[in-house]
Amino acid sequence: MNMQCDDIDALLMEYLDGRLSPAMRTNIEKHIQSCAACKQSLDEYRTLFRVMEYNKPAQPSPALQEKFDSMLQSEINIDATSRILQREEREQKTTVIKRYPAWWRVAASIILVAGGIVIGMKIVPQKQHDNTAQIARLNKEVKEIKETLLFNLLNAESASERIKAVNYVEEISNPDQKIITALINTLNTDKNVNVRLAALYAIEQFSGSQAVRDSLVASLSKQTEPIMQIVLINMLTERREQKAKEPIKKILSDKKALPSVKEMAQKGLKLL
Amino acid sequence: MQRVEEPTDEKIMHKVKDGQLSELTTLFERYHIPLYNFFLKLTIDKSTSEDLTQTLFYRILRFRHTFNHANGSFKPWMYQMARNIHADYCKQKMRISEVVKSTNSDTEEVPLEEGGVEEQDFEKLQAALLELGPIDRELIVLSRYEGLKYAEIAQIKNMSLSAVKVQIHRAMKELRALYFKQL
Numbered sequence: 001m002n003m004q005c006d007d008i009d010a011l012l013m014e015y016l017d018g019r020l021s022p023a024m025r026t027n028i029e030k031h032i033q034s035c036a037a038c039k040q041s042l043d044e045y046r047t048l049f050r051v052m053e054y055n056k057p058a059q060p061s062p063a064l065q066e067k068f069d070s071m072l073q074s075e076i077n078i079d080a081t082s083r084i085l086q087r088e089e090r091e092q093k094t095t096v097i098k099r100y101p102a103w104w105r106v107a108a109s110i111i112l113v114a115g116g117i118v119i120g121m122k123i124v125p126q127k128q129h130d131n132t133a134q135i136a137r138l139n140k141e142v143k144e145i146k147e148t149l150l151f152n153l154l155n156a157e158s159a160s161e162r163i164k165a166v167n168y169v170e171e172i173s174n175p176d177q178k179i180i181t182a183l184i185n186t187l188n189t190d191k192n193v194n195v196r197l198a199a200l201y202a203i204e205q206f207s208g209s210q211a212v213r214d215s216l217v218a219s220l221s222k223q224t225e226p227i228m229q230i231v232l233i234n235m236l237t238e239r240r241e242q243k244a245k246e247p248i249k250k251i252l253s254d255k256k257a258l259p260s261v262k263e264m265a266q267k268g269l270k271l272l
Numbered sequence: 001m002q003r004v005e006e007p008t009d010e011k012i013m014h015k016v017k018d019g020q021l022s023e024l025t026t027l028f029e030r031y032h033i034p035l036y037n038f039f040l041k042l043t044i045d046k047s048t049s050e051d052l053t054q055t056l057f058y059r060i061l062r063f064r065h066t067f068n069h070a071n072g073s074f075k076p077w078m079y080q081m082a083r084n085i086h087a088d089y090c091k092q093k094m095r096i097s098e099v100v101k102s103t104n105s106d107t108e109e110v111p112l113e114e115g116g117v118e119e120q121d122f123e124k125l126q127a128a129l130l131e132l133g134p135i136d137r138e139l140i141v142l143s144r145y146e147g148l149k150y151a152e153i154a155q156i157k158n159m160s161l162s163a164v165k166v167q168i169h170r171a172m173k174e175l176r177a178l179y180f181k182q183l
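Going down the list, the sequences are from chains A and B.
Counting in the UniProt record's numbering, the first sequence runs without a single skipped number right up to 272 at its last residue.
Counting in the UniProt record's numbering, the second sequence runs without a single skipped number right up to 183 at its last residue.
In case anyone wonders, no lab produced these hints; they're calculated from the structure.
Accuracy of the hints is not assured; some may be wrong.
Quick list of simulated restraints, FRET-style, between CB atoms [said to hold, decoys possible]:
{"hint": "1", "chain 1": "A", "residue 1": "L258", "chain 2": "B", "residue 2": "A163", "range": "23 to 31 Å"}
{"hint": "2", "chain 1": "A", "residue 1": "Q59", "chain 2": "B", "residue 2": "A70", "range": "30 to 38 Å"}
{"hint": "3", "chain 1": "B", "residue 1": "A163", "chain 2": "A", "residue 2": "E53", "range": "36 to 44 Å"}
{"hint": "4", "chain 1": "A", "residue 1": "T26", "chain 2": "B", "residue 2": "G19", "range": "54 to 62 Å"}
All residues carry an ideal CB built from backbone N, CA and C; glycine is no exception.
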């Protein structure tokens with residue numbers, strides 16, 4: 001091997017990657033024709049690159065996505081709660097934070113659009129006078145499908161599926177008592193705090209109803225997780241729900257309650 | 001390759017930094033498979049690689065405030081973090097025990113006869129990669145598998161561009177020797 005072969009060898013990778021100037025390429029090709037050692041090097045690199053290229057990326061198990069989703073949801077919840085706390089500190093007027101993951105919004109809109117298309121296709125062949133009844137019937141059907149989906153998802157094994165279910169309520173117009181009851185049940189009994197919190201944010205939109213507020217008040221005495229207590233106090237005091245006074249006082253006198261929760265309780269009580 | 005209408009990694013990361021945490025989902029979709037494979041090449045262990053990938057995305061979220069486009073693009077920043085996580089993992093593993101050399105019996109099943117490349121070729125490559133020193137292995141994974149540019153690797157490893165070129169070339173030469181030695 002002379003000096004030139006070393007130089008050539010250093011450029012073989014670049015040559016295969018197509019990163020050399022045309023002049024350089026010609027040089028190398030010329031050299032290869034007359035030098036068996038360099039030709040072998042080139043062939044070996046070529047084989048190696050080929051094997052590497054076909055060494056396809058391995059797929060992680062679905063558990064990775066699942067863990068990521070629940071980690072993200074948990075971080076979003078922590079972030080939302082710390083925002084509430086910070087805002088309280090600044091004693092500004094509060095608006096309750098509502099955050100749904102972007103992918104969920106995308107999924108939801110896809111479902112809606114697809115649903116629209118299905119309805120549209122079914123309606124087209126019908127005569128004009130049938131339409132109103134048809135639409136009503138189809139709307140009812142779609143709503144029933146959504147409800148069934150929601151109930152199934154609420155019982156899913158994975159926490160992120162249950163969070164999806166809870167957020168799915170937004171897609172159902174005028175959900176009936178059955179759904180609200182299911183949500184409240186999730187709020188009180190789900191073993192995962194992230195699911196409970198998502199349920200709470202979903203229920204919030206119905207807090208105009210006294211019955212729902214009563215359930216929230218009852219839930220406040222049941223929740224032991226600080227994050228749940230804070231968000232509940234925030235929600236109820238914002239609605240000036242007088243019945244919340246009792247459980248809030250209980251939290252204040254609870255020795256085990258965290259200082260940040262008590263602080264929130266103190267401020268909430270002042271609002272009532 | 002990104003299509004024109006898709007937001008850049010940096011744009012998304014700035015949204016995450018501004019508090020739109022759910023935007024991280026897009027970055028996860030873009031990178032969790034390459035990152036998983038990055039860890040898999042280095043650790044040869046599936047469940048460890050999943051854990052490290054998960055840790056990485058957690059750290060991206062936790063340290064989102066340290067991302068600054070002015071100091072470089074997203075990919076090198078992310079791989080820098082991935083390297084640190086792998087280094088932490090190695091230290092931890094050394095502390096616990098060095099005895100167990102993970103069996104690679106459960107490495108991924110690759111479809112056979114892909115363009116004349118056979119299962120045993122992948123196994124040979126895997127063995128050659130393992131024989132390589134950890135620094136050389138990482139360089140090859142970053143440049144040839146993860147498709148990072150030399151300049152990006154230089155940024156991650158805090159090396160000069162020419163040093164990266166020379167070292168990758170040397171590493172590939174060695175890999176080549178190891179691979180064909182097995183024939």
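- [ ] Taking the numbered hints from earlier one at a time, note which ones the structure violates and give those numbers from smallest to largest.
- [x] Of the numbered hints, 1, 3 do not hold.
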